[in-house]
Structure formats: C-alpha cells, structure tokens
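Work the whole structure out from these sequences, hints included.
Protein chains in written order, with my numbering: chain A, 1 to 114; chain B, 1001 to 1112.
Calculated from the structure, these hints are not laboratory results.
Please note that a few of the clues may not be correct.
[As the list claims (entries may be wrong)] Stretches of chain B that chain A covers, calculated by requiring three or more beta carbons in the stretch to come under 8 Å of a beta carbon on chain A:
| id | region |
| --- | --- |
| 1 | 1019-1029 |
| 2 | 1064-1074 |
| 3 | 1100-1112 |
[Unchecked claim] Calculated pairs, BS3-like style, for lysine-lysine (alpha carbon to alpha carbon, straight line, at most 25 Å):
| id | chain 1 | residue 1 | chain 2 | residue 2 |
| --- | --- | --- | --- | --- |
| 4 | A | Lys101 | B | Lys1070 |
| 5 | B | Lys1071 | A | Lys101 |
| 6 | A | Lys69 | A | Lys22 |
None of these values were measured; they are calculated from a predicted model.
Note that the Cβ used here is the ideal one computed from N, Cα and C, for glycine as well.
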Amino acid sequence: AQSVAQPEDQVNVAEGNPLTVKCTYSVSGNPYLFWYVQYPNRGLQFLLKYITGDNLVKGSYGFEAEFNKSQTSFHLKKPSALVSDSALYFCAVRDSSNTGKLIFGQGTTLQVKP
Amino acid sequence: DGGITQSPKYLFRKEGQNVTLSCEQNLNHDAMYWYRQDPGQGLRLIYYSQIVNDFQKGDIAEGYSVSREKKESFPLTVTSAQKNPTAFYLCASSSGMGTEAFFGQGTRLTVV
Chain A
1 AQSVAQPEDQ VNVAEGNPLT VKCTYSVSGN PYLFWYVQYP NRGLQFLLKY ITGDNLVKGS
61 YGFEAEFNKS QTSFHLKKPS ALVSDSALYF CAVRDSSNTG KLIFGQGTTL QVKP
Chain B
1001 DGGITQSPKY LFRKEGQNVT LSCEQNLNHD AMYWYRQDPG QGLRLIYYSQ IVNDFQKGDI
1061 AEGYSVSREK KESFPLTVTS AQKNPTAFYL CASSSGMGTE AFFGQGTRLT VV
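So, in structure tokens, the structure goes:
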C-alpha cells in the first residue's frame, strides 16, 4: 500500500542553525515525492519535488531535499533556518504504478526560535 | 490570474443537512483532489478525479460525494451520513503524475 510517514510531530531549531524534517515513504512502483508548506488557515504551498535524476533537489526559499532509495527517505533540509520558516510541513508521494493517488504524511511543525 | 478557488471560506451546517463545497480551477489541469485536514492527522484523501466524468474514492470517502461534469469544477458534498464533518477541507489540482499539486485556500466547515 502507498503511504508516507513523518516521524516527528515537531522540530525545534535555533535561527541560523541547519534544519532537517524527516520523511519516509512506501510505494510499489517508482515514487514521485513532494514537499509542501502550510501557514495557519491557508492552503498548501509547493516547495520542491523529486521525479527522477539527481538525488539532491533544490526548491523554494533555500530548501532542499535528498532522495535515498535504499532508505526510502526524502528528508527536507535547509542550511540556515529563519524564524519565518516556522510553519507546518508536509511530505507527499505518488506511486508511478497506480492512478495518480497523492498521499500526504501527517505533517511536521517546524518551530524556529530567534 | 490562474489558480484554484474554493468557496465559501467558512461554512456552517446544521446536523442532518447536506452541504456542498465548491472548487473551481482555471489551470487546465486534468486531475483534481479533495482532502480533509484535522489537527494532528495531516491531510486525508476523500476523493480524486483523473479526468472528466470519472472519480475514485480515497481513504475516507464514506459520507461524501463528488461529481466531475466539467474539467474545471470538482464540487464536494458532505452528506448527513458523515457523522463528524467539522474540519478544514482542501481542494487541489495537478496536470500529471510527475507534477506538483496546486491547492485552494480551503473551506472550514463547522457543524452547529
């Protein structure tokens, strides 16, 4: 079955420090992986995606993510966190072998403290 | 200006009533999705549609119904059979398997 897991409900980091938000997935075919960010009472905004090619993908606002096939992971990273990065982050996956169902993880709240 | 429009932003429903949430997109996307968001549970897929006049149940379809008569529209009806409908509902669309989904701003439904 297709699934996504975000093992941390919340991640706390000091401004200027690197951040990592974890994501693991399970699909039967090749994965299409996505990261989104959500601010309170708003829709989701797309950050970056992995479809194929280079395992390190770069996205909006200085975020990047590393695809690791052997560990079935797609962790979101940023070298230097900003207070304005504080938000709810979602990882999502599509399974290339099925009809395009897009499944999300439970979300991770990122708190960046000054 | 291209995008997805959800309406209304806030909706109040009396117990036993059906209500319909609107979702319209002008992005010419084939695929459209409805998600429900509850605190601590992330986004759960209600229904999705890959093409006009076709849709599939997601993980929590019970108590909901949809239609896809036009490419740009994918309304969601929350029926009286849905016992706990209070939630934030998000609509999204995408143009293909390898493309990102675009989201509307959501509708917050409250049962009164």
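Here is what the structure says about each hint:
| no. | hint | result |
| --- | --- | --- |
| 1 | 1019-1029 | violated (count 0) |
| 2 | 1064-1074 | violated (count 0) |
| 3 | 1100-1112 | holds (count 8) |
| 4 | Lys101(A) to Lys1070(B) | holds, 20 Å |
| 5 | Lys1071(B) to Lys101(A) | holds, 18 Å |
| 6 | Lys69(A) to Lys22(A) | holds, 14 Å |
Hint check: violations occur at hints 1, 2; the rest are consistent with the structure.
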